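Engineer: Spelled out from the first residue to the last, the chains are:
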Amino acid sequence: EAGVAQSPRYKIIEKRQSVAFWCNPISGHATLYWYQQILGQGPKLLIQFQNNGVVDDSQLPKDRFSAERLKGVDSTLKIQPAKLEDSAVYLCASSLESSGWRGYEQFFGPGTRLTVL
Amino acid sequence: EDQVTQSPEALRLQEGESSSLNCSYTVSGLRGLFWYRQDPGKGPEFLFTLYSAGEEKEKERLKATLTKKESFLHITAPKPEDSATYLCAVQQGAGGGNKLTFGTGTQLKVEL
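Chains as they are written, first to last, in the working numbering: chain A, 1 to 117; chain B, 1 to 112.
Pulled out of the complex, with its shape left as it was, chain B reads as follows (with noise of 0.2 angstroms):
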């Protein structure tokens, strides 16, 4: 069964100050992993699709990176208005249609 583990389950940094959140799984044939952003009261918004080890993506303070078992979201110089919830999901490959398995997410809050 697809696993996916996602820590710190929350995590505060000041303004400008750079992490890094970590997204682990286990899964039979990876064929998609995707980070979604979700705010309080609002539906996941969809950031980014890496879909082999050693890719990597950028989207303004965002960075995502891919490895064989896990996948490390960057955030660089936060902003408060970066204050979100993060999910990682993984996507199975055949047989696994184009179900999204997702971990629990981890609760960014950046402050001033």
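The following block holds chain A by itself, in its conformation from the complex (with noise of 0.2 angstroms):
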């Protein structure tokens, strides 16, 4: 089974420009997050969509971030723009569609490393 696709796996823009991240999540997941990893911390949730809607968005910092998941399948993740505090890994994830009481586990992408100079 094909795991989580991200692309690209490094980038390194000056401040002030844009860059766009792409997800694929695995085929029949419902739900997929966006997730921001600075050296040193665990992933902090940016966005969760589930199918074409977002489900939370409260850390997203909306006047430089936006994210879109057309068709409930991939997902791009923008930043317009960027400042040296988004140089971190963005990581996707993608679980299988939230219902009753058990959470069901995300499974994780490779990562993009933004380096913002």
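It is possible that some hints are incorrect.
Unchecked claim - Computed list of lysine-lysine pairs in BS3-like fashion (alpha-carbon distance at most 27 angstroms, straight line): (1) A:K44 with A:K71; (2) B:K42 with A:K44; (3) A:K44 with A:K83; (4) B:K63 with B:K109; (5) A:K44 with B:K57; (6) B:K109 with B:K59; (7) B:K59 with B:K79; (8) A:K83 with B:K42; (9) B:K42 with B:K63; (10) A:K62 with A:K15; (11) A:K83 with A:K62; (12) B:K79 with B:K57; (13) A:K62 with A:K78; (14) A:K78 with A:K44; (15) B:K109 with B:K42; (16) A:K44 with B:K109; (17) B:K63 with B:K79; (18) A:K44 with B:K69; (19) B:K42 with A:K11; (20) B:K42 with A:K15; (21) B:K57 with B:K42; (22) A:K11 with A:K44; (23) A:K62 with A:K44; (24) B:K69 with B:K57; (25) B:K42 with A:K78; (26) A:K44 with B:K63; (27) B:K109 with B:K57; (28) B:K42 with B:K79; (29) A:K44 with B:K68.
In short, the hints are calculated from the structure, not lab data. Remember, predicted model here, so these are calculated numbers, not experimental data.
Assemble the dimeric complex from its two separately framed chains, guided by the hints.
Structural biologist: Rendered as structure tokens:
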């Protein structure tokens, strides 16, 4: 079974430039997440989609970050304009659709390492 | 607000020297506690999910346990290939969606 795919793997940009990341989740997974992982910290949720809809974007800096998930499959995360503090690894994860009491495990992609100079 | 604290921050073991990693948590209505392994330059790799106090799960040299306030990841007779960062995360109950709140991890180094 193919895992979560992300691209690019690495990106270096100047501050105030824009950047976009792409994610393709595991087939059949209705829920998709974007996390930000700063060096030495655990991942922090930026946004969660269930199918096409946004479930949680409370920690997404909406003045500069945006995300979309068209047709309930692939997703893109965009930063415009980037700041130095956005340097981090951006992880995409997917899981089965959330229902009932059970929390389904999330499967992560390899991440995109962003460096903002 | 959900909180997850992992200890120690770093651990160095000799091959075969068993030990435990701790994950203390504060969450309103635990839906699940997750353990992940993360190798340098890679995304977290799922290991275990625990749902209720008293539950235990095992996989090769790893065993995860859960109480009402903390979880332990026991590593028995570790090998160098067990070297990685181990992340603990909690998932809140009703109203919390599927959001995972992660700790900062324990960096494990197993030496020959």
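Engineer: Could you work out which earlier hints the structure fails to respect and list their numbers in ascending sequence?
Structural biologist: none
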